[in-house]
Each structure stands twice: as C-alpha cells, then as structure tokens.
Amino acid sequence: MTNPSPYYWNNPGATCSEGGNASTKSILRIPAGTTVYFNSVDDTWTGTQMEVYGTVNIVAGVTINANVVVMNGGRINISAKLTLGTGDPGCNYTLAVRTGGLVDVGDTGSDRLSICGEEIMKGNGTCNSCGGTNSGKCAYNGSPYCEPTGGFKGPTGYYQGGYDGTLPVKLLNFAAAAESEAVNLSWTTTTEKNLLKFVLQRSDNGIDFQDIGEVAGSGADTDNIETSYSFTDKAPLLGFNYYRLKSVDLDNTFEFLGLELVKFNGSKHMTVYPNPSSGNSFQVQTNFRPAEDDYIVVSSALGVDILHFAVNNFDGKIAFENKLQPGVYLVSYVSADFKEVSRVIVKN
Numbered sequence: 001m002t003n004p005s006p007y008y009w010n011n012p013g014a015t016c017s018e019g020g021n022a023s024t025k026s027i028l029r030i031p032a033g034t035t036v037y038f039n040s041v042d043d044t045w046t047g048t049q050m051e052v053y054g055t056v057n058i059v060a061g062v063t064i065n066a067n068v069v070v071m072n073g074g075r076i077n078i079s080a081k082l083t084l085g086t087g088d089p090g091c092n093y094t095l096a097v098r099t100g101g102l103v104d105v106g107d108t109g110s111d112r113l114s115i116c117g118e119e120i121m122k123g124n125g126t127c128n129s130c131g132g133t134n135s136g137k138c139a140y141n142g143s144p145y146c147e148p149t150g151g152f153k154g155p156t157g158y159y160q161g162g163y164d165g166t167l168p169v170k171l172l173n174f175a176a177a178a179e180s181e182a183v184n185l186s187w188t189t190t191t192e193k194n195l196l197k198f199v200l201q202r203s204d205n206g207i208d209f210q211d212i213g214e215v216a217g218s219g220a221d222t223d224n225i226e227t228s229y230s231f232t233d234k235a236p237l238l239g240f241n242y243y244r245l246k247s248v249d250l251d252n253t254f255e256f257l258g259l260e261l262v263k264f265n266g267s268k269h270m271t272v273y274p275n276p277s278s279g280n281s282f283q284v285q286t287n288f289r290p291a292e293d294d295y296i297v298v299s300s301a302l303g304v305d306i307l308h309f310a311v312n313n314f315d316g317k318i319a320f321e322n323k324l325q326p327g328v329y330l331v332s333y334v335s336a337d338f339k340e341v342s343r344v345i346v347k348n
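Note that this note's numbering has the sequence shown beginning at 1, numbered continuously upward.
Just so you know, the hints here were simulated from the structure itself, not pulled from any lab data.
Be aware that one or more of the hints could be misleading.
Said to hold, decoys possible - Think about it this way: if two alpha-carbon atoms lie no more than 20 Å apart in a straight line, the pair counts; the simulated PhoX-like pairs of lysine-lysine are:
| # | residue 1 | residue 2 |
| --- | --- | --- |
| 1 | 137 | 193 |
| 2 | 347 | 317 |
| 3 | 268 | 339 |
| 4 | 323 | 339 |
| 5 | 234 | 263 |
| 6 | 347 | 323 |
| 7 | 193 | 81 |
| 8 | 234 | 268 |
| 9 | 246 | 193 |
| 10 | 246 | 197 |
| 11 | 197 | 153 |
| 12 | 153 | 137 |
The model shown is predicted, which means the values in this text are computed figures rather than measured ones.
Could you build the full structure based on these sequences and the hints that come with them?
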C-alpha cells in the first residue's frame, strides 16, 4: 500500500481486502501519503499491531483486534464506530498516539472508540470533558472522553481503563542501515516511564521475529526529553532483514515499536560460539537460510569425524552426548555453493 491514492478495502481494485484474520504476529503499516478507508460494516482485522503513518478513515463500524499506534504525521478519522477487541475486559489492546499523531472522532454524540468493551471516545453529549479542560488526559470516570479541540493529539495513550500517560514509550525515530558486514540500528525516545529495556528483534519475512539482543533503558522516567540508543547486528541475514523494537516495562508488559527493512548484500558466513567452549555444546549461526542438502561435520584436529548431520530443522545448537576432551576441534558447514570451517578450542 504505497500508492498515495485512497484505498477502499472492499474495492475489488485495491491491493488489500478489508477484514479477515492475519497472522497473530503480523504488523499492518499504513505508509505516509496513503489513505485507507474501512467502510464495510462489521468487518474485522486481527493481527499484532497497526501502525498509522498515513491516514485511516473509519466510516463504518469495524473491529480491530490489535494494538493501534498513530505515528508522527499519522491520523485516524473516526466517523463511525471503531472497536478494539471484544467485550472481554481482559483483551489488553491499546491506542497510542505519538507526538505529531492525531485521532479525530468529530463532534457528534455518537460513541466512536471502544476498547475491550469500554466506550473511550465520543464527540460530545454525555462524556467526560476533563473538568472543562477537554484534554482527554484526565482520570476515567466511566464516561467516554469528549473530543478535545483539534482532536486527541499525541503524545497520549488509551486502554480499557481510559487515559494512561505511560502508553507507550514515545519513539521519535528508528533507523537501520547496512555498513560493511553489519547493520547499525539507532533510535530515539522522547518519553519513558517504567521502562526496563529494549529487545531488538529481526525477521527475514516481516512476520516471524527472533530476539537478537537487548539494550537497557535509561533507568529514569523522562517526558519530552530525547534519549538516544544504538545497537549493531553483527550477523545480519543475506537478503531482507526486518527489524523492530520491543519495549519491556518493569512489570514485564511490552509493546512493539517501529519497523525497518534493510537489504543486506554481504557474503555467506558461519559463526560458532562460545569459543573457547566447555565441550558440552556449540552454537552455530549462519547469515543465510540453510538448503535441504546442507550438512555440518564436527571433527577432531586430526580429521576424525565426531558428528555428521543434516541441518534440516536444525535449531543452531550442537549438544554432545559425551563431553568433549580438551583440545582443538573443527566445525565444517558444507552446502552446494558454500563451505566454511571454524576452529573451536575446548577447555575444562
């Protein structure tokens, strides 16, 4: 969805079809310059998170079973009814609006946003005007928040209990760039509350992510203060690498932030660790997806094979039934177009 023209999701000519269940690990990104209309009553989209950099117009009653994040420059216009989650009070979905983002529910008395069965936003009428300030950032009193002048502006966050200023970590930017044999990741926050750490995650398809590292939070609650972080992926995959952040709070609640794509054109290689090893196991990591006929051989320094196995469904760990004796061992990876041998020292 990169065409700047508006997309109606139930239009046969559109790239996507409105509704349906995506993978529970999927992220739907609405790019800047793109307008998407949800205009088919009772349709449902289920995923992990919707990130709005462009514009989303809710013109019919729809349900989104996912967290929604309105990024800097993003906008959601709700002229019908948007439901996050079902009536189950434990659905845990949130609507987060970053600095520069906006949610506009208009000025009518109709309920506009519901989260986990609780009415959170509406235009006017019987609603919570925050004691006349109409900011939408006061304590929830059981009534939906009235539309503030100019809409619900970021940074702000809402869950089934109303406004929560800790939703979420406010991310100003997130960037990924290939350099030599690595990918450098950098990001900046403007607000942090109860943040424990960031977990860096990577995927080769944008759906299935794996943890590749952690960076501790600043250790202080901040508001409108820029805090910068960085991380280097020293073993990126050949081809496409999708990166995202997972912010983890002190109570172990978490949120996914950002999504960046880097195409890496380096050479194939294998890494074996730890080195030196205790001799109980080795971990093998490659920067490419193994082929069906690839195999690994572990041998002594004299060339005597100890293990020989195909890498189909290999999880990366080589465990030895009998602990290896101290010495030098060779780990060989062999495929049709690639062979590499690593020396591993075993110490007791």
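Going through the hints against the structure:
{"no.": "1", "hint": "137 to 193", "result": "holds (16 Å)"}
{"no.": "2", "hint": "347 to 317", "result": "holds (18 Å)"}
{"no.": "3", "hint": "268 to 339", "result": "holds (9 Å)"}
{"no.": "4", "hint": "323 to 339", "result": "violated (26 Å)"}
{"no.": "5", "hint": "234 to 263", "result": "holds (14 Å)"}
{"no.": "6", "hint": "347 to 323", "result": "holds (11 Å)"}
{"no.": "7", "hint": "193 to 81", "result": "violated (31 Å)"}
{"no.": "8", "hint": "234 to 268", "result": "holds (13 Å)"}
{"no.": "9", "hint": "246 to 193", "result": "holds (15 Å)"}
{"no.": "10", "hint": "246 to 197", "result": "holds (8 Å)"}
{"no.": "11", "hint": "197 to 153", "result": "violated (26 Å)"}
{"no.": "12", "hint": "153 to 137", "result": "holds (10 Å)"}
The structure fails hints 4, 7 and 11 (numbered hints given earlier, in ascending order).
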